[in-house]
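K.L.:
Here's the letter readout for the chains.
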Amino acid sequence: MKRARTYASIATVVAAMSATAVVADADGDQLVVNGEIKMVTEAAAADHLENLDTVYSGWRFRADETQAFQMDDFDNPAMIFVEKAQEVWDTAEGSEGKACASCHDDSESMKGVRAVYPKWNETAGEVRTLEMQVNDCRENQMGAEPWNYTGGDMANMVALLTTVSRGLPVSVAIDGPARETWEMGKDIYYTRYGQLELSCANCHEDNYGNMIRADHLSQGQINGFPAYRLKNTKLNTVHARFKGCVRDTRAHTFKPGSAEFIALELYVASRGNGLSVEGPSVRN
Amino acid sequence: MASGVKPRVKVPKTAAAGDEITIKTLISHKMESGQRKDGDGNLIPRSIINRFVVDFNGQNVIDVTLEPAISTNPYFQFDATVPESGEFTFTWYDDDGDVYETTKKIAVS
Amino acid sequence: MKLTRRDLLVMGSVGMGLTALGVTPAMASLTDDEIAKITGGAEVGAGDLVVTAPEIAENGNTVPIEVSAPGAVMVAIFADGNPTPAVATVKFGPLNPTHAASTRIRLAKTQDVVAIAQMEDGSFQKAKANVKVTIGGCGG
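Chains as they are written, first to last, in our numbering: chain A, 1 to 284; chain B, 285 to 393; chain C, 394 to 533.
Chain A extracted, bound-state conformation:
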């Protein structure tokens, strides 16, 4: 049963492991990257979560060998793509002859950004994802072609932006002008889709910790995205994964960059408020 708690404390609270942990739940391992970055992979669930007490990063549901991939930036295959993005960051492109670095200096200066996205953009009058913001900069500041929303270039850049925020708590705003989008995302999360009539909640809220065939179901948190999946040996973005999940219910899936997925991303991100920005992660 949940007790009332202040929102501010969520960012600093790490829930104590219960001695009577449920069988087949998340394991009890700790994630420290490069011996330096302590990741919070378990936190008290945000107030708005009615059916969860504790939220866990997907890292906690993976086999030991997969977890090990992520504990060292060299073992993590995703980091070579972050390096590629760093080169792109410094390279001028587009009609204005600017690189990301021209306005933003070092990529390190973007620390804190990933943790609060998706977020309401007052000037644009909409909730923006990181990908939307990157393309906005490219088109309007650099005079460059926008990147494919789930393509390699975008995935690499989002991974770079995520890397510089690692260890910071996910903290997306769900109130104010973002509220309506958030509610839409919450609706989608609990709606059954497809021939299999499955909602996100059916697996990721009702059955996390259980096995689906030989896969250990996680809570479907996105604090670890972009994720390098062993299955396709590449970086996967949030919308690409959403698209796949909805397709797997045997439904006509939504498009990456669609209003539905923007809303869903805001909602799912908020389910992980309090967990560390962990990406780019290694997952199945």
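Hints listed in this document are in silico derivations from the structure and should not be mistaken for laboratory results. As the structure is a prediction and not an experimental result, all values here were calculated from the model. Treat the hints with care, since some could be wrong.
Stated by the list, open to error - List time: in silico DSS-like cross-link candidates among lysine-lysine, alpha-carbon distance up to 25 Å:
id: 1; chain 1: C; residue 1: Lys502; chain 2: B; residue 2: Lys314
id: 2; chain 1: B; residue 1: Lys290; chain 2: A; residue 2: Lys231
id: 3; chain 1: A; residue 1: Lys234; chain 2: B; residue 2: Lys314
id: 4; chain 1: A; residue 1: Lys231; chain 2: C; residue 2: Lys525
id: 5; chain 1: B; residue 1: Lys389; chain 2: A; residue 2: Lys84
id: 6; chain 1: B; residue 1: Lys290; chain 2: B; residue 2: Lys314
id: 7; chain 1: B; residue 1: Lys308; chain 2: B; residue 2: Lys294
id: 8; chain 1: B; residue 1: Lys290; chain 2: A; residue 2: Lys234
id: 9; chain 1: A; residue 1: Lys84; chain 2: B; residue 2: Lys308
id: 10; chain 1: B; residue 1: Lys321; chain 2: A; residue 2: Lys234
id: 11; chain 1: B; residue 1: Lys294; chain 2: A; residue 2: Lys84
id: 12; chain 1: A; residue 1: Lys84; chain 2: B; residue 2: Lys297
id: 13; chain 1: C; residue 1: Lys521; chain 2: C; residue 2: Lys502
id: 14; chain 1: C; residue 1: Lys502; chain 2: A; residue 2: Lys234
id: 15; chain 1: B; residue 1: Lys308; chain 2: A; residue 2: Lys234
id: 16; chain 1: B; residue 1: Lys314; chain 2: C; residue 2: Lys484
id: 17; chain 1: A; residue 1: Lys84; chain 2: B; residue 2: Lys388
id: 18; chain 1: A; residue 1: Lys255; chain 2: A; residue 2: Lys243
id: 19; chain 1: C; residue 1: Lys484; chain 2: B; residue 2: Lys389
id: 20; chain 1: B; residue 1: Lys290; chain 2: A; residue 2: Lys84
id: 21; chain 1: B; residue 1: Lys290; chain 2: C; residue 2: Lys484
id: 22; chain 1: A; residue 1: Lys243; chain 2: B; residue 2: Lys314
id: 23; chain 1: B; residue 1: Lys314; chain 2: A; residue 2: Lys84
id: 24; chain 1: B; residue 1: Lys294; chain 2: B; residue 2: Lys389
id: 25; chain 1: C; residue 1: Lys484; chain 2: B; residue 2: Lys294
What the hints assert, rightly or not - Pair by pair, the computed Cβ-Cβ distance ranges are:
id: 26; chain 1: A; residue 1: Gly28; chain 2: B; residue 2: Glu385; range: 42 to 48 Å
id: 27; chain 1: B; residue 1: Asp380; chain 2: C; residue 2: Lys502; range: 25 to 31 Å
id: 28; chain 1: A; residue 1: Ala124; chain 2: B; residue 2: Asn344; range: 55 to 61 Å
id: 29; chain 1: B; residue 1: Thr375; chain 2: A; residue 2: Gly28; range: 41 to 47 Å
id: 30; chain 1: B; residue 1: Asp324; chain 2: A; residue 2: Leu49; range: 44 to 50 Å
id: 31; chain 1: A; residue 1: Asn34; chain 2: C; residue 2: Asp441; range: 31 to 37 Å
id: 32; chain 1: A; residue 1: Lys255; chain 2: B; residue 2: Pro367; range: 54 to 60 Å
id: 33; chain 1: A; residue 1: Ala251; chain 2: B; residue 2: Arg330; range: 34 to 40 Å
id: 34; chain 1: A; residue 1: Gln141; chain 2: C; residue 2: Asn523; range: 52 to 58 Å
In this text, a Cβ means the ideal position worked out from N, Cα and C, and glycines have one as well.
Start from chain A and add chains B and C according to the hints.
P.N.:
Relative to the frame of chain A, chains B and C by itself:
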């Protein structure tokens, strides 16, 4: 270089003479196995990194022949003895004839 | 030779027996052939050679393995259930202190990862590890 292929190596910057060090290497490469089929059902031809050689000051540390069963973005970790200061050379050979090379210096105290 | 029904029955049951043992004759012998090419049919024993692999692979596409072959000049690695069993051949140079290597491999299904080491004295060692490769959840 075939497009997008990027090597990455991790070597300590310094060591004591005679130390055994651990080296980690990664190269971004698709490692097309030759088993996959395209949309029309035709086999996509094999195209992999087929050899990886590491030398130090002209002496060999490791020489690997890779087959299609090595995963995408081939990763190798191994140890090396460092008798003196010098340079490691890492060379990857691609089926398509490209050769990728990177070097790393190490200072021995 | 005239093929009698008795002959057919015997041949059939042998084939079924082999399959029941979980061995597809074709693949196991592919690996054996490759091994024979290396050893020339010489005896292969156990020794310090060790293959380390996960008991259950999270995903068969990227399975981390380690081979440790103290005293070996070369180690050949095979996956005996893959369409082509050869995985890698590792030669150790004079500046290699531990004669060990870690990498990530593709395994098509549950099978043994087999290593054959050629020792400095010309003898051979063999070691293996069984890896279960599973089908994942939604969409594999």
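K.L.:
Each hint needs a verdict: does it hold in this structure or not?
P.N.:
Hints, verified against the model:
As the CA atoms of Lys502(C) and Lys314(B) are separated by approximately 21 Å, the hinted pair is consistent with the 25 Å bound. Pair hint Lys290(B) plus Lys231(A) holds up; C-alpha atoms about 21 Å apart against a cutoff of 25 Å. This hinted pair checks out: Lys234(A) and Lys314(B) have alpha carbons roughly 10 Å apart, not beyond 25 Å. For the hint linking Lys231(A) to Lys525(C), the alpha-carbon distance of about 15 Å falls within 25 Å, and the restraint holds.
Distance restraint check for Lys389(B) and Lys84(A): the Cα-Cα separation of roughly 22 Å lies within the 25 Å cut-off, and the hinted pair is therefore satisfied. The suggested pairing of Lys290(B) with Lys314(B) holds, with an alpha-carbon distance near 11 Å, which does not exceed 25 Å. Distance hint between Lys308(B) and Lys294(B) is fulfilled; the C-alpha atoms sit about 5 Å from each other, no more than 25 Å. Our distance criterion of 25 Å between C-alpha atoms is met by Lys290(B) and Lys234(A), whose separation comes to about 14 Å.
A C-alpha spacing of about 18 Å is found between Lys84(A) and Lys308(B), which places the hinted pair at or below 25 Å, so the restraint holds. At most 25 Å may separate the alpha-carbon atoms for a hinted pair to count; Lys321(B) and Lys234(A) meet this at roughly 19 Å. For the hint pairing Lys294(B) with Lys84(A), the CA-to-CA distance comes to about 16 Å; that is within 25 Å, so the pair holds. Taking the CA atoms of Lys84(A) and Lys297(B), the gap is near 23 Å; set against the 25 Å cutoff, the hint holds.
Restraint check: the Cα-Cα separation between Lys521(C) and Lys502(C) comes to about 16 Å, which is no more than 25 Å; the hinted pair holds. Restraint check for Lys502(C) and Lys234(A): satisfied, since their Cα atoms lie roughly 21 Å apart, inside the 25 Å limit. Distance restraint check for Lys308(B) and Lys234(A): the Cα-Cα separation of roughly 19 Å lies within the 25 Å cut-off, and the hinted pair is therefore satisfied. At roughly 24 Å between alpha-carbon atoms, Lys314(B) and Lys484(C) fall within 25 Å of each other, so this suggested pair holds.
Between Lys84(A) and Lys388(B), the direct Cα distance comes to roughly 19 Å. Compliance with the 25 Å bound is thereby established for this hinted pair. A C-alpha spacing of about 7 Å is found between Lys255(A) and Lys243(A), which places the hinted pair at or below 25 Å, so the restraint holds. As the CA atoms of Lys484(C) and Lys389(B) are separated by approximately 23 Å, the hinted pair is consistent with the 25 Å bound. Between Lys290(B) and Lys84(A), the direct Cα distance comes to roughly 8 Å. Compliance with the 25 Å bound is thereby established for this hinted pair.
Proposed proximity of Lys290(B) and Lys484(C) is supported: the alpha carbons are some 24 Å apart, at most 25 Å. Between the alpha carbons of Lys243(A) and Lys314(B) the distance comes to roughly 24 Å, so the proposed pair stays at or under 25 Å and holds. Pair hint Lys314(B) plus Lys84(A) holds up; C-alpha atoms about 15 Å apart against a cutoff of 25 Å. For the suggested pair Lys294(B) and Lys389(B), the alpha carbons sit about 11 Å apart, so the restraint of at most 25 Å is met.
In summary, the hint linking Lys484(C) to Lys294(B) is supported, as the alpha carbons are separated by about 21 Å, within the 25 Å threshold. Taking 42 to 48 Å as the suggested C-beta distance range, the pair Gly28(A) and Glu385(B) conforms, at roughly 44 Å. One distance hint, 25 to 31 Å for the beta-carbon pair Asp380(B) and Lys502(C), holds here, with the actual separation near 29 Å. Ala124(A) and Asn344(B) have their C-beta atoms about 58 Å apart, which keeps the hinted 55 to 61 Å range intact.
Range check, Thr375(B) to Gly28(A): Cβ separation about 43 Å, and the 41 to 47 Å hint holds. Checked against the hint of 44 to 50 Å, the pair Asp324(B) and Leu49(A) passes, with Cβ atoms roughly 48 Å apart. As the Cβ distance of Asn34(A) to Asp441(C) is approximately 32 Å, the hint placing it in 31 to 37 Å holds. As the Cβ distance of Lys255(A) to Pro367(B) is approximately 59 Å, the hint placing it in 54 to 60 Å holds.
A beta carbon spacing of about 36 Å between Ala251(A) and Arg330(B) agrees with the range 34 to 40 Å that was offered as a hint. A hinted range of 52 to 58 Å holds for the C-beta pair Gln141(A) and Asn523(C), which are about 55 Å apart.
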